[in-house]
Structures are given as C-alpha cells and as structure tokens.
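**Student:** Here are the chains, one letter per residue:
2 protein chains.
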Amino acid sequence: MPELRQEPLTDTWVIIATERSKRPSDFASDKKDTGGGPDNCPFCLGNEHMTPPEILALRESGTEPNAPGWSIRVFENKFAALKSGGEARKGSEGPYENMDGVGAHEVIVESADHNRNLQDEKVEHVEEILRTWRARFQQLADDANIKYTQLFKNYGSVAGASLAHPHSQLIATPLVPKNISEEIKGMENYYERNGRCYFCDALDFEKREQERVVAENNTFLSFCPYAARFPFEIWIVPKAHQEHFHSMTDSELHDLAQILKESVGKLAGALNDPPYNLVVHTAPYNFDKNKRYHWHIEILPRLTKVAGFEWGTGYYINPTPPESAADFLRQVH
Amino acid sequence: MPELRQEPLTDTWVIIATERSKRPSDFASDKKDTGGGPDNCPFCLGNEHMTPPEILALRESGTEPNAPGWSIRVFENKFAALKSGGEARKGSEGPYENMDGVGAHEVIVESADHNRNLQDEKVEHVEEILRTWRARFQQLADDANIKYTQLFKNYGSVAGASLAHPHSQLIATPLVPKNISEEIKGMENYYERNGRCYFCDALDFEKREQERVVAENNTFLSFCPYAARFPFEIWIVPKAHQEHFHSMTDSELHDLAQILKESVGKLAGALNDPPYNLVVHTAPYNFDKNKRYHWHIEILPRLTKVAGFEWGTGYYINPTPPESAADFLRQVH
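For the record, the sequence lines run as chains A and B. The letter at position 314 of the first sequence is residue 632 when you use the working numbering, and the numbering goes up by one with no holes. The letter at position 303 of the second sequence is residue 621 when you use the working numbering, and the numbering goes up by one with no holes.
Next up, chain A with everything else stripped away, as it sits in the complex (with noise of 0.2 angstroms):
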C-alpha cells in the first residue's frame, strides 16, 4: 500500500510510491524509449495482455475485452501511485501526519494508433476521449474515500510521459489537492470583495480585450492567462458558470472537443509540437453548495526550465508575455 505523507508546513502532500520504488542505480538507467514505434508498446493494439486488465473500453461490437477492436481503452496504471480499496486511515509519526494511500491511478489510451496525437484526431474521437474522462470522473464519484480526481496528459517525454503512445491519465486521491483548496478561497475570497465569480469578471474582460484570446466557440474560450506562469500557457474556460467538469452535457463535449483540438493544434503548429501538460481543475466531489468553483482546463507547455527561483518562491519567472503568446498562437491555421 502506498503511504501519503503530509509537509506540516505547508499542508503538501506526498505519495511515497512504493510500487515505483527505486534504488539509486534505477536512476542512472532510466532511460526509456519514448520515441520509436508500436513494437513493445504496451499501449498498442494487440498488445492488450501487457497492461492491468480494462476498466473500460470504446470497442467495435462484438469484440473480446483485453483483445483489438478499441479505439479508447482504460485501465489501471501498472506502478499505480495510488490503489482502491480500503479505508484512507491517517496515522502520525513525531511531529508529522500519514495516511493510507488509498484512491485509484488509471490510465486512458487515447488512440489505437502509436502516433496519432490529439490534434490530428477527428473533433468526433476527441469527444469520445472527452466522454471517457467524463466517465470515469462520474463513476468515481461513488468511492466513499475519493475526494477528487485529477485528470492530467503528459505530452512528450519533457513534460514526463514515458511512453509515446498518445494517453491521459487520472489519479483519484482521498484528499482534496493543495492547489484546488487554494482556488476555492481565492474564488471566496473574490466574491467576497467583488460579489461576483472571478472566471466570470476574466471572462467577461478577456472577450472584450481581446488580446490574450486563442479561440471562441459558443460554449468556451481559450485564452493565455494575464499571469502565465509559463510561455505558451493556455486555459480553456466554459463560459457558463459550471462548477465540475463531469456535469459537462453532450453538446457542451462537443464544443470542448472542438477548442481542445484546436488550441493544441495551434501550440503544435506554433512551436514544432512542443512538450506540455495538460490539467483539468474542477470543484471536489461532494462539494459545498455555499461555495464557488469554476471549472476549466490548463495546457502547460514545458518550454522554459522549472529551477532554483521558482521551488524557492512559488513565484515564476516567464519570458513571454501572454500577449505576444496569444498573438502567435492566434495566426497558426
């Protein structure tokens, strides 16, 4: 069983991953092919029986389960971060808090095909991904431990994905992240002293300034953030007020697969295909009517080194303006 470990300080917790653990010497050879093609791929068609068995699959009918016929597969993480079962038990040690690393770590193939990136599939399949992670959201939702899920793609192997086969990925934890608890105060916060939701007033400034704007369709709007903290940086907004993720409806999947594909598409197009991570920030399950949360999606591009400063500070430094990102990333077709 994985251990979660609290920094008392700071309230940030860590997955001491013991199913991944690893010995100095695994660190000098970790050198995993993240290029090349289908072969020894684990997340290639007919290589079913080299993962943990399916969760859940989008197949041609009449197909076997862990056999070809899917276009979307998931199952649980092989080095799985976290794991279901089992009550999330906190425990101490001196000064510090534990507890049981309790929750679920799945991974979501996005494409049969080994090189067949998000912005080259067909708006349609980009729902289909879109309709899986909404999915799974809901069908955690009914694990009594789970408090959130994190769903998060790591595109290319900068940015930390080992494999190259296009996937996501989600780990369900039985805490509500840091960085969700943060925003929710700050969205209090803000309507406290504004009386209205903060992605809302941004919304309304950022489609009348105009600057900071990489795409619009009815339902969302993908704009690189006044305060990027990296080059590049996307966030993709619903435009009405909606606190979680995965009470998305049909139509509305719809047009988040449209400005998904085509704010990728750009960033490729811009920036030779550069690395990024993706992160979808929604409100906790079971989540308290009285407060506020505006769900969207972030795209991190990995241009710029991480360093000193920034583990320092929690501050970054930035070397391109949104302005200018945005400009750029509005003249790719």
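FYI, nobody ran anything at the bench for these hints, they're computed from the structure. Check before you lean on any hint, since a few could be wrong.
No copy is singled out in the list; a pair is fine if it fits within one copy or between any two copies.
[What the hints assert, rightly or not] Below, in silico cross-link-like pairs of lysine to aspartate or glutamate (EDC-like), each with a Cα-Cα straight-line distance of 16 angstroms or less:
#	residue 1	residue 2
1	496	329
2	579	522
3	557	438
4	609	460
5	557	570
6	579	418
Given the coordinates of chain A, work out where chain B should sit on it, guided by the hints.
**Tutor:** The following block gives chain B in isolation, referenced to the frame of chain A:
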C-alpha cells in the same frame, strides 16, 4: 522594466521578464552548450568583459576589478529578471493586479575553475562562497524596496543551469514569496498547537530516530525530510533556533560549509553527480519579532519529472522513501 503580475486566485506572482523576452522561434533554437570547456564561457577567468561589472569579488590583493585575480565574483545577471532602482508601484488591469519588476538579480561565480564543483572545493573555499552569499543578503537588506532575497543554485542543465561554470544566483523581490509566507503561517499554526518551533521539534525527532539523517556536526543537521517531494531530497537545518540565514556567525558559517560540502558530495557519490536545485529558505527582511521562522537549506535533486499530477494538485509523487535515500547517502564516503 520587467513586470510582476498576480494570479488573483492563488497569490502566485509571475515575473513577465521583458529582458528575456522570447518569440516562438527562440525556443526552437534554445540549445545552449552547458558542457564543454572554458572557451567563450563568460564566467571564466579572462572573460570578465563578457559580464556586467562586478559588484563584489574575492581577489588577490593588488588586482583590478573586472580583471583576473579573483576566486569568487558577483555581478548583475545579464538578463536580469528584476532590476534595481525606482519604487515598486502597484497597478491593476481589469480583475488583475500587477507591480513594477523592481528588485535585483545577481550571479555569484563560485570558482575561477570552469570544472570545479562545490563538492570538489576545500571547506575553506565553500566557506568563502557562503560568506559572499551572506554579504549580498546583508547589503540588499538596505534597499527599502526589497522584502526578500531568494538565493538559489541550479546545478546541471536538467536543473536549469544554462552555463556549466559553477555559480549560484540570487533574486531579490519586492514581495515576500508565497512559499515563505506559507511556511511562516505553518510555523505559527504549529506553535499555537504545540508551544514549540516546528523545526526545533523535527530536529529533535530526527536526531532520536536517525533513519533519515545524512550528516551532522556541532551546528547543523542534514537529513532527508519525512515528506520529501523528490528522491534524495536533503534539508540542512541549523540546530539552534535562528530566523535569518544572514545572521550566521563566522563559526556557524564554517560548520555550514563543512556539512554542505559533505551533503552534495554524498549526493554526487550516490547518484553519479545528479542535477539539483539548492534553495535557501530564510525569514523576510524586517521580520515581525512576534512571529517565528527557522531558516534552512533545501537540496532538490532533479531525478524525476514534475508533471501533470504535480501541476494539477500541488502534491508530489516520490518513488524513493526518504529512509532508503538517507541510508544510501550515509554509505557514501
């Protein structure tokens, strides 16, 4: 003048570094030579004209500034993220806040030798490096615009060093960094609950348990923290309760030089000289006498990738328990 911008929800400030401004094409060609020898290295002896004028240097007597004869040399970063002079005026833009990018950004070249790293230096020279850090902390305290000095060392290209020649940097900020504010608040909360300083308690516990201890001398303890975010993360903490790095006495400075050299030496020995970020965490200038802080150094080896889960949640996954890491490090001589 660089600009500071605030992410209103999370109190994260970002330096939009106009001096370092980059277009998409700059990222494609952003491959700097970080290995190699002293040819064209602006930090090497004889190339003093390639850097801004020196602010401070440890020199043989009779040698001229900005010429050979030095063994440690400090100057402004050629691409300074923050610039000195003027007032840190605050402004706003729609729902967002900003501030003039006032402060300082300096480089401390730690050796005249392109290839001699911290662990290879004599303790006496490491002591001179630390004395130089302390002198810059003390000098910058006189600037009324500066609230905090963040000292950091990026070691190795993966850790963000764009030049291989041994150096550290400081960025002095017109704000108290988010990470430091959080730690101060955490210390306050801990003190209220326990009537003791958190670090004083943790030191007692670590000395008793021994399993996470890496090294110890009269003045300092070096250990892998209980909730280490990174494999082989090491903290060096003064045993006496002390708020400010720059209030260290000469004899404490000597002991810090000894344990710092030993700690980075063990890291280099155990992991084949890995990249790391080193950060000093100290109390802000003009620290409220009624509050509590305990300064320390964090050494963060960059062996794992920070990816979507970390960016989404603010939590970390560490595949190496700190007890195992400390055990390996203790065995290196």
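**Student:** Hints first: check each against the structure and report whether it holds.
**Tutor:** Going down the list of hints, with the structure as the test:
no.	hint	in the structure
1	496 - 329	both (7 angstroms within a copy, 13 angstroms between copies)
2	579 - 522	neither (23 angstroms within a copy, 54 angstroms between copies)
3	557 - 438	neither (26 angstroms within a copy, 57 angstroms between copies)
4	609 - 460	neither (21 angstroms within a copy, 44 angstroms between copies)
5	557 - 570	within (10 angstroms within a copy, 57 angstroms between copies)
6	579 - 418	neither (38 angstroms within a copy, 36 angstroms between copies)
Figure legend: structure checked against the earlier numbered hints; hints not met, in rising order: 2, 3, 4 and 6.
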